[in-house]
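**Student:** Protein chains in written order, with the numbering used here: chain A, 1 to 242; chain C, 243 to 793; chain Y, 794 to 964.
Note that these hints are calculated values from the structure, not bench results.
Calculated pairs, PhoX-like style, for lysine-lysine (alpha carbon to alpha carbon, straight line, at most 25 Å):
no.	chain 1	residue 1	chain 2	residue 2
1	A	K66	C	K732
2	A	K138	Y	K873
3	A	K217	A	K138
4	Y	K902	Y	K873
Keep in mind the model is a prediction, meaning the values are calculated, not measured.
Chain by chain, the residues:
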Amino acid sequence: MPETLTSSEVVTLTINGQEVSARTDETIMEVAEEQGIRIPALCHISGLSDIGACRLCVVEIQGSPKLQPACVTRVSEGMTVSTHTDRLRAHRRTIVEMLFAERNHVCSVCVSNGHCDLQNLAVECGMQEVTLPYLAPKLQVDASHKRFVMDPNRCVMCTRCVRVCDEIEGAHTWDIMGRGVDSRVITDLGKPWGESDTCTSCGKCVQVCPTGALFEKGVSVAEMTKRRQFLPYLKTMREVPK
Amino acid sequence: MNLDELESTAAREREQCAGQKCRLRVCTGTGCASAGSDRLTEALRQRAKERGLEGEVTVTEVGCLGLCAEGPLVKVDATDTLYQNVTPNLADNVLDSLTGEAAGITVCNEKQPFFTRQNRVVLENAGYIESDRIESYIARDGYRALLHVLAEMSPADVVAAITQSGLRGRGGAGYPTGLKWSTVAKATGPRKYVVCNGDEGDPGAFMDRSVMEDDPHRVLEGMAIAAYAVGANHGYIYVRAEYPRAIKRLKTAISRAERQGLLGSSIAGTSFSFTIDLRVGAGAFVCGEETALIASVQGNRGTPRPRPPYPAMSGLWGCPTLINNVETLGSIAPIIRCGAPWYAGIGTEKSHGTKVFCLTGAIKNTGLIEVPMGITLREIVFDIGGGIPNGGTFKAVQTGGPSGGCIPEKYLDMPVDYESLREVGSIMGSGGMIVMDQTSCMVDVARFFMEFCMSESCGKCIPCRVGTAEMYKLLTRIATGEANMNDLAKLEELCEMVRETSLCGLGQSAPNPVISTLRYFRDEYLAHVNEGVCPAGVCPMNARKGVTTHA
Amino acid sequence: MRDLLPKTAPPTSDKRWRIVDTAMRRNGYAPDGLIETLHSIQETFGYLDEPSMRYVASSLRVPLGKVYGVATFYHHFQLKPQGEHSCVVCLGTACYIKGSSNLLEAVRKRFGIRSGETTPNNKLSLLTARCVGSCSLAPVSVLDGQTLPHLSPDQLVEAICALDETEEAAQ
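Bound conformation, chain A alone (with noise of 0.2 Å):
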């Protein structure tokens, strides 16, 4: 019998005042999905493994002095989760507003504009206008790839790029330089894209980013759509028993 079987229980909580039933394997994101609650998420996809690092998703659990991420806290007999009070929308519009201050992201001319993650969180979050002073450096965009391009200026640093092309992939030709607000998604050693002997140029990256920081070449404002379908089913595939 799988693993998952014997160790996970049937536990009660409630989350915004509803009872629900889950299983002790289940993180709150999944637990809250299931009851058509969506809690904001950047970091998150399915289909890769969870990193709790935007810190959008944070909840407020009865009892825990901190704000724990929905996306990797899994679930007990008893909690009490609450997912949109005021200050945890309050917090989550000042981040989608640090990312919009942090690079540089102006959506009239962006391939994404209309099918962005950030754009639609800016929606959802209610974020207005950014307040805050910009950061925006100005960064090289890279088009040594033959069919693809990144614009670092757009990069939210999610690195779900990063995780797909470790975790699914395999190649694991992206990774994170530097630290801190100095830090850059690269690939290989730190050179040009174009230039890179590891990636397999399968586009997985392109499709998981979730704003026109990587990009197909040849597609104009707007035109940029990224389909995802194949995460959760390239995941259960890998799965299956052979």
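Chain A is already provided as a structure; the job is to place chains C and Y on it using the hints.
**Tutor:** Quick look at chains C and Y alone, frame taken from chain A:
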């Protein structure tokens, strides 16, 4: 080595020391070493030889004697005198003092509060032992606790003793050590690990450095006892690359202990085995955070991950891992030797034992001190520290480094313990205590720490990565006279938000220096913002053209 | 395209690669020995260049991106050759409030380099440290491994100049 062999080694070493007619102990702590104590040692040996005193005078290099401000320090055992400011050219004067009058060298008063008000537990051997010689540690009851534990106590007994002692983590947060040990002891896994966190990154703190450099075996003994208590057979010491001497001495200590059978397999003839490896950090403050440290030991970028699961359940390679800092592990052997009730009897109701602090900044007696918990800040600053030099006035004392806060004069009579410090908006931290006088600007201090947090942020989570940069930008605006009241309001808002949403302790506590200075020195911020003036005259208020600064 | 998993041989015939090999062997060529290995390269050759990072990556079977990520995450690692002499100015709290930023400024004025830079003649590299743990001697700098206590900006510049003079005298 069993207990009998240990005792005979100790006796032999003590006898040898007693047999030395005249022993000169030269402090080679960083402070004294930089002031020339290495050359002094050489000069003393050389001159003794030239004067035909070779057989009589023994010059030994020992760890930090404490009063770094007056280094190099030399203790002459025969006359029980401590000399200060002994530069290498004064070697002859020291040798003269052995036979007659001491001339030309200054006697350091050991009756001054700097020495008498201390209570040395972790630093008990500092100034007595030669760190590279294991016999020297054994002669001062070293490894006795480990052999006692192996022979007389069950692992559960050890955990119970540490719990009873009331020891709390000395790395900053003050988590009860006994509770941590019992969690790891009860956790199940294929293997377990003990990790010593020697990534002392707080700027303005060097307690752990001193312990690792001057008394490395104490750390090894503490780790071995911990390993026995929780059921681990392998350990790592994670040391910063900035401490090359600590790395060298720990390496030597590990190989000496292995050779004596005090580390390795079948320690003291029992079935207990424990080995230790050294891991050298590479300049990342965030690696002091438990989960980041684990990532770094495994050869990765030192980025933290959300907890739970805690390292006690799932740490190195997914195995239960006990992580304690150097000072915590350095307290273990004395607790076992002298008993948990003895240790619990020192300090306050909730904070037991002693704490090592680094007293620096605008203070007369800079140096390394160990005091009982519950002592007041005033006693530390004015009695032990000797007050503010050059006629300056006390303004604030900063504790807890970039995660702590600035404590103003009105709280000087507050007892130093985990709870009291937290109440006034700071933390115990690892033990840096930086005294500031009227020449320090609190906005500048807050900006300094924010710059620190910004460049030490790992960049994984958004609130810390972007938030510290934004707060730094706002503080810079204030420090240059460009800010308005909206900026100040924005800064306060960000403090709250970054504290509540950041992934790890670095981000969660990064706003603390700003919050605490705003709480106690708000008028200084207002002077910068409203009047374009830096009251302490530190900040470059250049951006405000036409506004004259304090003349 | 380069062979990604070559029969791993050191980038050059330099005998010192044995030191690096020993470091990797001590960790059983396990990927978790990456930081230790990078330390050994830097200690041996002074900095990490591209061929050395490629060598480590293939020897320890670690992705290139990860090697570069680790090498740039930790500020101790240098990816460029360093000058003959190094001056590390401590920016710990105790040093800062005692004016260590003036030391940096003095070096910049005299030698025209900022933190992390090396003079064009490759003589001097200026670095900063978060805290060298010698707070009682603030402000301190570490010049070629030697800790200099209680420095004024002029004294530091003088000490740096003296380095070259001793060298010239020795030649």
